[in-house]
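As you go down the protein sequences, you meet chains G and U in turn. The first sequence runs contiguously to residue 312 in the numbering used here. The second sequence runs contiguously to residue 1278 in the numbering used here.
The hints are simulated quantities; they were obtained by calculation from the structure and are not laboratory data. For every residue, glycine included, the Cβ atom is placed at its ideal position computed from N, Cα and C. Incorrect hints may appear among the rest.
Said to hold, decoys possible - Here are some, though not all, of the chain U residues that point toward chain G, as calculated from beta-carbon distances under 8 Å: (1) P1034; (2) A1176; (3) L1196; (4) L1236; (5) I1260.
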Amino acid sequence: MTTTGAARPRSLSNSFSTFLYQRPRLVLALLLVPPLLWLGIIYLGSLFTLLAQSFFSIDDFTAQTIYEPTLATYARLFTATNLSIIFRTLAMASVVTVISGIIAFPLAYYIARFASGRMKALFYVAVMLPLWSNYLVRVYAWKLILAKEGAIHWSINSLGLGPVLDWILTLPVVEGSSLSTSYIGTTLTFVYIWLPFMVLPIQAALERVPRSLLEASSDLGARPNETFRKVIFPLAIPGIAAGSIFTFSLTLGDYIIPQLIGSSRPFIGQAVYQFQGTAGDIPMAAAFAMVPIVIMAIYLAIAKRLGAFDAL
Amino acid sequence: MRSKASPVSDRSKGQAGWGLKSAAWFGVLYLNLPILFIILYGFTTDDASYSFPPPGLTTQWFAVTWARADFWEALWLSVQVAFASMLIAMVLGTFAAAAMYRFKFFGKEAVTLLILLPIALPGIVTGISLRSAFSLGDVPFSYFTIVLGHATFCIVVVYNNAIARLRRSSPALIEASMDLGADTFQTFRHVILPNLATALLAGGMLAFALSFDEIIVTTFTAGQQETLPIWMFGELSRPRQRPVTNVAAIFVMIITFVPILAAYYLTRDTDDVAGSGK
């Protein structure tokens, strides 16, 4: 029985394999070129088209796009109306991010530090299933729940707290005839939809905290509270930052939720949608779409400093 | 070492305070209760508003939905789109994962960013850039433009699953196979592929679910075609036969839950497969 490779008869596949083995660069190219071509041409290509479009303008009379580089569209972007749309969206994204963090942290902490075995699997599935189940269906569920004749209004009225809710709904910022037409409803739905994106990175960050660190902390005389504040929480910050990238970015670009639930005042996503659709003003839609991209670039730079990319 | 550590870690797991416990349960219920309302309202006799509690229960909406040709058309289009996107994403995602795992090269970080970008940027940005590119290039909106958009953001799901599995699997297995005389293809077929198969399948199923559910990018890349989410969105603004939307939603949930749960079970126990430790 021959044992050396050289003595074996060389099949075609064998020699081709050797050929490839000696040329790792070729293998790399063969593997990397198809996905890069796809993403480069279709995705990056489109992004650059969008960027280019934002430097064109639209003729007021013919409604045709004029293909000459200009900053006129960007000048039109910064009107009071548009700035208030941008501000409103930023405020909503911030509120949604903060509330998601507050609800997600204890859940993630419990899964990471206390749940084990079956319980842990149950919690994990309970977080993952909503993440992957249908987005529109989940938004629609809140439309049912928040409606004037729906479950929340019904329960609150049954408890005799109807007047309290009515009073809250007349407050300046939240104002709406029911929860489903107020900012409260929009916020609740946003938080519900993006919450898993916040839970998972925090949980991952907490799982990575070595137990020896906690033992060391308590050996050195720290109370559980102190250990939490000085050891666990700081180590969870990259996870929180990573989660906030998703909640923030996804809220910035969404146009379905504010359209279905909330007041009629538009968000960035709806503005983009209307400019490209009913208004047919592609340059303006493109310029508006640049707003979330720029905001996210700034946000990512900050998140990177907080170590978010190591926690993704 | 390991046997010594385990009783200690069990003890330190400890008991959570009731405050933490209830906060955690609140999170879980908040995430999962609303879906039950979709199911409940699929059976209501009230077809014009969302009154709670429902005035009566009926199963007639299942029959009504079953008889709607437009529902079946939308469902079939969604299945076709999701299947095509899944296949493209599985091929491209696996290729990318293999390249990123196996090689170090200049610009690797940029490639990672490029793969992540379609899900890191808001869907509306992806949607509108594709739309403006298609209309500049005079590409007619069709089934293919929908698939083009979907496959783009599905690649990352397959990529993530594949690269996570590759990172967990031991290079020693591959070296052993090569040392025992297998060539690259044999190693790939008998060692790497069986190791990777469940991760790929899981990634593919998640890609299917992701594409099947997508609405934002689809709104921009579809012409007259209606995928199921777009059909449902249209139904939402119609005043009559509201529960038909719920019945469709129940269908959608069943169709996406199956691959998601399957993906979960396929990747669940792979964390500590023997010999795959880092």
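- Index of numbered hints that the structure contradicts, given in increasing order: Checked against the structure, the hints that fail are numbers 2 and 3, while the rest are satisfied.
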